[in-house]
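Trainee: Next come the chains, spelled out residue by residue.
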Amino acid sequence: MGRIKIIFWFLICLFGNHLWAGTITVCNSCEVKSIKKGIAVAADFDTILIKKGTYREFNIQVTKPLTIIGENYPVIDGEDKGEIMTIVSNNVTIDGLFIINVGTSYTADYAAIRVVQSENFLIQNVVLEKLFFGIYLEKSKNGKVYHNKIIGDAVDEYNSGNGIQLWYSQNIVVERNIVQHVRDGIYLEFSDNITIENNISSDNLRYGLHFMFSNDDIYKDNTFENNGAGVAVMFSKRIKMLGNTFKKNWGTTSFGVLLKEINDAELTGNTFEDNTVGISIEGSNRIIYSKNNFIRNGWAIKVRGACYTNTFIHNNFMYNSFDLAYNSNLNDNIFEENYWSGYTGYDLDRNGTGDIPYRPVKLFSYIVNRTPETIILLRSLFMDIIDFSEKVSPVFTLDELVDAKPLMKKIK
Amino acid sequence: MIQVENLHKKFGKNVVLAELELHIDQGGIFAVLGPNGSGKTTLIKTVLGMVLPNKGTISVMDSSVRDKWKYRQDINYLPQIANFPGNLKVKELIAMIKDIRQKPSDELKLIGLFGLESFLDKKLSNLSGGTKQKVNIVLAFMFNSPLIILDEPTNGLDPLALIRLKELIFEEKAKGKTFLITSHIMQFVEEVSDQIVYLLEGKIYFKGSIEELKTKTGQSNFEHAIAAISTHNNHD
Amino acid sequence: MPLRLYQPTTIMIKILKYSFYDLMRSRWSYVYFLFYLLLGFVLLFLNNELSKAVITLMNVIIVLVPLIGIIFGVMYYYNSKEFTELLLAQPIKRSSIFLGQYFGVAGSLTVSLVLGLGIPFILYGLFQSNAIWDFSLLLITGAFLTLIFTAVAFNIALANENKIKGFGYAVLAWLFLAVIYDGLFLMSLIVFEDYPLDNLSLIATMFNPIDLSRTLILLKLDISALLGYTGAIFKQFFGTNLGLFMSIFMLFLWTIIPIWRLGYVSKRKDF
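Chains as they are written, first to last, in my numbering: chain B, 1097 to 1508; chain F, 2 to 237; chain E, 32 to 302.
Read the hints as simulated data drawn from the structure, not as lab findings. Please note: incorrect hints may appear among the correct ones.
Calculated pairs, DMTMM-like style, for lysine to aspartate or glutamate (alpha carbon to alpha carbon, straight line, at most 20 Å) [what the hints assert, rightly or not]:
no.	chain 1	residue 1	chain 2	residue 2
1	F	K99	E	D229
2	E	K45	F	D100
3	E	K266	E	E224
4	E	K298	F	E153
5	E	K124	F	D100
6	F	K56	E	D301
7	E	K251	B	E1378
8	F	K11	E	E192
9	E	K112	F	E93
10	E	K251	B	D1428
11	F	K133	E	E116
12	F	K133	E	E113
13	F	K124	E	E113
14	F	K71	E	D301
15	E	K266	B	E1175
16	F	K90	E	D301
17	E	K300	F	D68
18	F	K71	E	D165
19	F	K123	F	E172
20	E	K124	F	D68
21	E	K48	F	D100
22	B	K1132	B	E1175
23	E	K112	F	D75
24	E	K48	F	E93
25	F	K99	E	E224
26	E	K124	F	D75
27	F	K90	E	E224
28	F	K69	E	D165
29	B	K1344	E	D165
30	F	K69	E	D301
31	F	K92	E	D165
32	B	K1344	B	D1312
33	F	K14	E	D165
34	E	K45	F	E93
35	B	K1245	B	E1225
36	F	K14	E	E192
37	F	K11	E	D301
38	F	K56	F	D68
Remember, it's a predicted structure, so these values are computed and weren't measured experimentally.
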């Protein structure tokens, strides 16, 4: 039903533009000098063309289905007075604007562009700077946020907003955006069937991507780099995380991905590089982790307990300080056919998997879990010696936590 | 030349020198003798400042040696064991000591005297014990100092070198230098020394010329005189 | 003819120079140099990436450099005993002799280390790599460890006339600082795990030059975040430059104190 609706509206827009709609030009020397005026005089499905220049306006209400296009990135300066554009109509396209100086408030979440209870919108090629919230989608559907650039200047969490926020929204594509220096790069709450693809979210104060109570979403091929704490996925179901890169989330409480109360998810082909913790898992069940690369993380994976039926298969674990920290029972989680750079066994029968099992939890990892201060002995000779003796005859670590078929060569 | 007063030295509980008094005037050859463990080397080393006394004072040429090092500019010393850094060549070692002492030296004459020319480019680790001792002698004699201390100078020397060494000693003595020599070769001692300083149990037991020693012990043979002075004490 | 005596420092530098030349020509310096050269090439060949090789190298440096420094120092001291006696009879201040010899040994060991590891890494494109700072820190730490453990070796040798005893104590000292200390450290952390341990463990680290070097390198190799995971004090220490400065300062102290003691003890010793 949704799809038919989109096509229907698309046709209307297409024909509307060509057959009936006119173009209203806004510029400093034109008859229409402000965007607000342009919207007021426009008929449904008109195009408003904003010429290059600076427009000091805020609280622009887009109440009709319009296409608002900027030519050579006209600047819309909100002068820190409040929200800049609010879309309350279906079928609105915003394209090519440079929006700056969104007002900051402790009581209202002012956004550069807010979409309220609308459908079939497209926001693209927009550049946002000096913002509070960037693009805020509220109870909206069937839209696309494409190829925007959001550069914030957030310093403290309490008085900064998120780059792209989705709240109670459905069927939305967020693609090829760049989000930097805001609180959360992309934030989702109660939003289902969302696709987040090819975005770059970096240098944000809190999370690169933050998921809460959102189901059936996909995020793939995004890069999350140098954020306060990577990506947090919480209280959600059936999430697919594919081919993302999680990099340099270094910080004392930082991680690549935090999975908390997540069920039936899939993590495939992601790369976790230089994070304090690659994946931190808590109370998550029936998740398949495959073909991920864990490179040079402090801990590749930290399993905190209450996790059942998780499968770790065909992953590469390379040069992590600790491959795995595990502070509960093994339960029915499975580690199999992964490549571990720390594996020193042999493959005499030449079947590609090592002949002796690999124990991903080192004694030191176990000790650090118990007494965190012992981390100060990382890489000391004494630790290497006791790790070795534990490897030879396990006493403290979980006997059954092994990869029985460690791969000899890493997965390409 | 050397004044030693009330010198005490203990190594642990072992008393090596006790209330030792010794006055050595300028000029002449003094042989320091005594049985093994009588403190000969310790005495020499306290004069050199290598061993620090527990009590007493030592002065060399009228100045106290305690915590001083410059006075050693006036002393040439030949250590007992000739062992040098193995990777240095002979000429480098000589150059180095010259470099450290910054004094005029006539090593060329001495090198010729002991026939060391062909060894100058050899590493010290490749030299025989006797050749090393010759190098040792060159180092000890090449500077012009008023006091020369020789610890077992005859070690490992061939007869020719021994003759050269004696000639050298007499030559330097003629210039008015003072020698302090230890040796266990009594024939050598008898030939070169003017005065005998006999140490026993950390004290000077006898000091005087060879003649005086012979008279005191009633022996005509020097070697027997030395033997007698030791046994005499043993029967005390 | 007036005597022109050199100042003690000038003499010390002369002795340093001669000891250094002596050592640079000895077989052991080459063995040491070739060992590091080989190690550098093998590590780079196996890892094929500079930054990874740097981490592996750290493990080697904090274990082997102290061992080699302490053994070599003791060995040199005993081997050059007679030569030392020759020098003692020369018009030279005692501390000049021992400090000169010490710096000669430590210097030649450092040169072997820096060249032995530097050459393969430079050939593999160190200057084009951003691992250059980590690598430099590694070499600086290695140099510090050489200075510290050679000084400790001289102290041990000065206190022991008996060669066998001296070697025994040297190996024991190494074993203690490299392994046993960390074992006791770990046990005390586990035993007292109910108490706040941050300060205790930082102090314990400061008292062992090997642990100190290890944390200094770890700090720079970006594992600081990992260390800071534990609590506010670690975070403050390892997360800021405080840790870096403190560690370097303590390494200085660790270098200066045994060297000072070397001068002090040598002045009061009989030879």
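Trainee: Each of the hints needs a verdict: does it hold here or not?
Mentor: Do the hints match the structure? See the list:
no., hint, result
1, F/K99 / E/D229, "58 Å, violated"
2, E/K45 / F/D100, "8 Å, holds"
3, E/K266 / E/E224, "18 Å, holds"
4, E/K298 / F/E153, "26 Å, violated"
5, E/K124 / F/D100, "15 Å, holds"
6, F/K56 / E/D301, "14 Å, holds"
7, E/K251 / B/E1378, "31 Å, violated"
8, F/K11 / E/E192, "16 Å, holds"
9, E/K112 / F/E93, "19 Å, holds"
10, E/K251 / B/D1428, "39 Å, violated"
11, F/K133 / E/E116, "15 Å, holds"
12, F/K133 / E/E113, "12 Å, holds"
13, F/K124 / E/E113, "16 Å, holds"
14, F/K71 / E/D301, "18 Å, holds"
15, E/K266 / B/E1175, "39 Å, violated"
16, F/K90 / E/D301, "29 Å, violated"
17, E/K300 / F/D68, "12 Å, holds"
18, F/K71 / E/D165, "48 Å, violated"
19, F/K123 / F/E172, "29 Å, violated"
20, E/K124 / F/D68, "9 Å, holds"
21, E/K48 / F/D100, "12 Å, holds"
22, B/K1132 / B/E1175, "16 Å, holds"
23, E/K112 / F/D75, "23 Å, violated"
24, E/K48 / F/E93, "12 Å, holds"
25, F/K99 / E/E224, "64 Å, violated"
26, E/K124 / F/D75, "15 Å, holds"
27, F/K90 / E/E224, "61 Å, violated"
28, F/K69 / E/D165, "47 Å, violated"
29, B/K1344 / E/D165, "17 Å, holds"
30, F/K69 / E/D301, "15 Å, holds"
31, F/K92 / E/D165, "44 Å, violated"
32, B/K1344 / B/D1312, "28 Å, violated"
33, F/K14 / E/D165, "54 Å, violated"
34, E/K45 / F/E93, "13 Å, holds"
35, B/K1245 / B/E1225, "9 Å, holds"
36, F/K14 / E/E192, "17 Å, holds"
37, F/K11 / E/D301, "11 Å, holds"
38, F/K56 / F/D68, "14 Å, holds"
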